[in-house]
Amino acid sequence: MGFGALLDILGSTIIGGMLLMILLRMNDAAVKNNYDYSGERIVQQNLVEVVKLLEYDFRKIGYCANWNIFPNPALGIIRADSNRIEFITDLSTSANPFGDGVLDTLKYYLGTTLELSVTPNPNDRLLYRVVNSTTPMGSNLGITQFKLTYFDANGDRITSMPTSPPLGIAAIQIDIAVENPAAYGNDYAADKRVIWRQVRLPARNFTLR
Amino acid sequence: MGGKGALLLVLGFSLIFMVAGRNFNSMSTATVENFANYYNDQKSHHLAASGINLVTNQIFLNGALADQTWNYSFDNGTIRVTLTTVNTFQQIKELVSVGTFAGVSSTIKVVLKPSSFSKYAYFSHTESANIWWTTTDTVWGPLHTNGQLRVADRPVFYGKVTLDGSLVKYSNSAKPQFLGGFQTGVHIDIPSNGVSNLKAAATAGGYVFTNQSTVYLEFRGDSIRYRFSPTAAWTNVLASTFAPNGAIFAENANLRIKGRVNGRFTVGADGTSRGNVYLDDDLFYNQDPRIYPNSTDMMGIVAKNNIIITDNTPNNSNIIVQASIYSENGSFQAENYQNRPVAGAIYLLGGVIQNARGPVGEFKTVGGTSVIVNGFSKRYRYDDRFMVASPPFFPGTNAFEIVSWFE
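Protein sequences appear in the order of chains A and B. If you want the working numbering, it's the 1-based position in the first sequence plus 9. If you want the working numbering, it's the 1-based position in the second sequence plus 3.
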């Protein structure tokens, strides 16, 4: 084996090593991208699901299929603060898609970060949806913020809420932030967060009468 | 050999890149699809809402619109709206609108009913230019005026407030509290047939007093008594047989009323120079609905002209009025409000619907506090039952209102 062959082996080792390094790096990048993309997709889907659910329920604030038993929908919001809202509605069932004519109360509130200490994300919380006085049902959709801001008919932010309805809420600003519960490399930087904001009337029923 | 190896290497890498690329593309597409589906949901919902708006507008213009189905094509979607009268007697109508876009459907259902003036805690066609709603004023039910709403400081409105005119603030510090909602651009005329419809109902199944200049009417629980002069003997009748449908009317006369109301009645009077209803003393329910929530006692007072608190001894120390009051051409006012003594307060449970706002007293300001110097102060509370029920044959607005919106 001459010097030339030695050079061939050395050269091929270096080139092969470089190719291997490139391959490993590419694999790492592919895995990271895969995680990031799929994580982003999950976050986006979670956000849309949360938004759809909130819109579905919020549209029915003050609604009752038997309108005679709840003639003043402006009394529909019972309690409201920055991360909690409780209101009167008439929930649909499969037997009664337009509601059964019996008033229900629905409550949304955000849990604490301690409840989800098992997830790698230190910021995510459970968003609870409580129907009447049933056991609170929470879902981990990676929600890190559920903030409600209320405005009166003058357009002013309500800083001091009346203790009983009507609360004088003319518009609600909903801010939601969703993060990946288990992001690649535990990277939960702000640019990985998906946010959604909507300023809405509480519901069409709310100002009907 | 080396050439084949290189070829395999390139093909291998290409395959890996293609699989990874396809995977990434698929995920990107799924993310976009996710929002596209949300967009389709929203679009179909907005189409359904548009259908409701299109047809309710027709109903508002023509309350006699027959039950039917409308089909619209709009903005690359379709809308199907069905109008059904679900209660012919009460004229309750139901609208179901289905919006479809990109295969996604959304349904909205609304219920409409004829609107009655009795639902208002306060209604006026015009507001006086020098009367302001101030901090001491609280309105507990729906309020409407076709004029301007003048506010100073922090009046509180618990019901929905609607205006045709504008909101005029006494100063920039005025902060009216609209706890039940606020809407401008709403015009509701007082119809010219409200009183005549009551008269027709009284003719058909109630009682009409004719050829008298003044009718004195006292509710006494199950019975009613009446006379035509302050010194004449009373005629006693059983209320339920006297006016079976609850409508009592004084034709071309002034009507003077008082007493304890047991049941559902609407009294009224018309006439060019008469047509006033005088409140000679307390008029109150046999069962106060604030104490007995299931009370069925309900009173309406309808006048072609004014509804007047009589200047007499019984009314010099407060007056209780439990009724919805409707003045077609005039106002709710106190007789001799500028000269009568300080008479306490008007304890009204019900609503006031009047063409123009009338005076019930005069006040002066002492040390920043308003003090009544003639007539009455006001203690008006809304009777919540009027949100869903009306005294018999109480004038309607000749329009429909939406009472329920499912979406």
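Note that these hints are calculated values from the structure, not bench results. Predicted model only: the values in this text are computed from it and were never measured. Cβ atoms here follow ideal geometry from the backbone N, Cα and C, with glycine treated the same way. Wrong hints could be hidden among the right ones.
To be verified - Residues from chain A shown here face chain B by an in silico Cβ test under 7 Å; the list is partial:
hint, residue
1, Tyr44
2, Ser47
3, Gly48
4, Val57
5, Pro80
6, Gly110
7, Tyr117
8, Thr153
9, Gln154
10, Thr158
11, Phe160
Unchecked claim - Derived DMTMM-like pairs (lysine to aspartate or glutamate); straight-line CA-CA distance at most 20 Å:
hint, chain 1, residue 1, chain 2, residue 2
12, B, Lys46, A, Glu58
13, B, Lys178, A, Glu58
14, B, Lys178, A, Asp37
15, A, Lys116, A, Asp165
16, B, Lys381, B, Asp283
17, B, Lys46, B, Asp70
18, B, Lys46, A, Asp161
Against the structure, the hints come out as follows:
A least Cβ separation of about 11 Å between Tyr44 (chain A) and chain B goes past the 7 Å threshold, and the interface hint is therefore violated. The criterion of a C-beta within 7 Å of any C-beta in chain B is met by Ser47 (chain A), whose closest approach is roughly 6 Å, and the hint holds. At its closest, the beta carbon of Gly48 (chain A) sits 10 Å from a beta carbon of chain B; the interface hint therefore is violated under the 7 Å criterion. At a threshold of 7 Å, the smallest CB-CB gap from Val57 (chain A) to chain B is about 5 Å, leaving the interface hint in force.
The interface hint given for Pro80 (chain A) is met, as the beta carbon of that residue sits about 4 Å from the closest beta carbon of chain B, less than 7 Å. Look at Gly110 (chain A): its Cβ only gets to about 11 Å from chain B, farther than 7 Å, so that hint breaks. Annotation: interface hint on Tyr117 (chain A) violated; nearest CB of chain B at approximately 18 Å, more than 7 Å. This hint is violated: Thr153 (chain A) has a C-beta 19 Å from the nearest C-beta of chain B, more than the 7 Å allowed.
For Gln154 (chain A), the suggested interface contact is broken, since its CB lies about 20 Å from the closest CB of chain B, more than 7 Å. For Thr158 (chain A), the suggested interface contact is broken, since its CB lies about 18 Å from the closest CB of chain B, more than 7 Å. Given hint, Phe160 (chain A) at the interface with chain B, is violated; its Cβ is 12 Å from that chain's nearest Cβ, farther than 7 Å. With a C-alpha separation of about 17 Å, the suggested pairing of Lys46 (chain B) with Glu58 (chain A) holds against the 20 Å cut-off.
Taken as a hint, the Lys178 (chain B) and Glu58 (chain A) pair is broken in the structure, with Cα atoms around 39 Å apart against an allowance of 20 Å. Between Lys178 (chain B) and Asp37 (chain A), the direct Cα distance comes to roughly 61 Å. Violation of the 20 Å bound is thereby established for this hinted pair. Our distance criterion of 20 Å between C-alpha atoms is broken by Lys116 (chain A) and Asp165 (chain A), whose separation comes to about 24 Å. The suggested pairing of Lys381 (chain B) with Asp283 (chain B) holds, with an alpha-carbon distance near 17 Å, which does not exceed 20 Å.
Under the criterion of a C-alpha separation no larger than 20 Å, the hint pairing Lys46 (chain B) with Asp70 (chain B) is inconsistent with the structure, at around 27 Å. Straight-line distance between C-alpha atoms of Lys46 (chain B) and Asp161 (chain A) comes to about 28 Å, which puts the hinted pair past the 20 Å bound.
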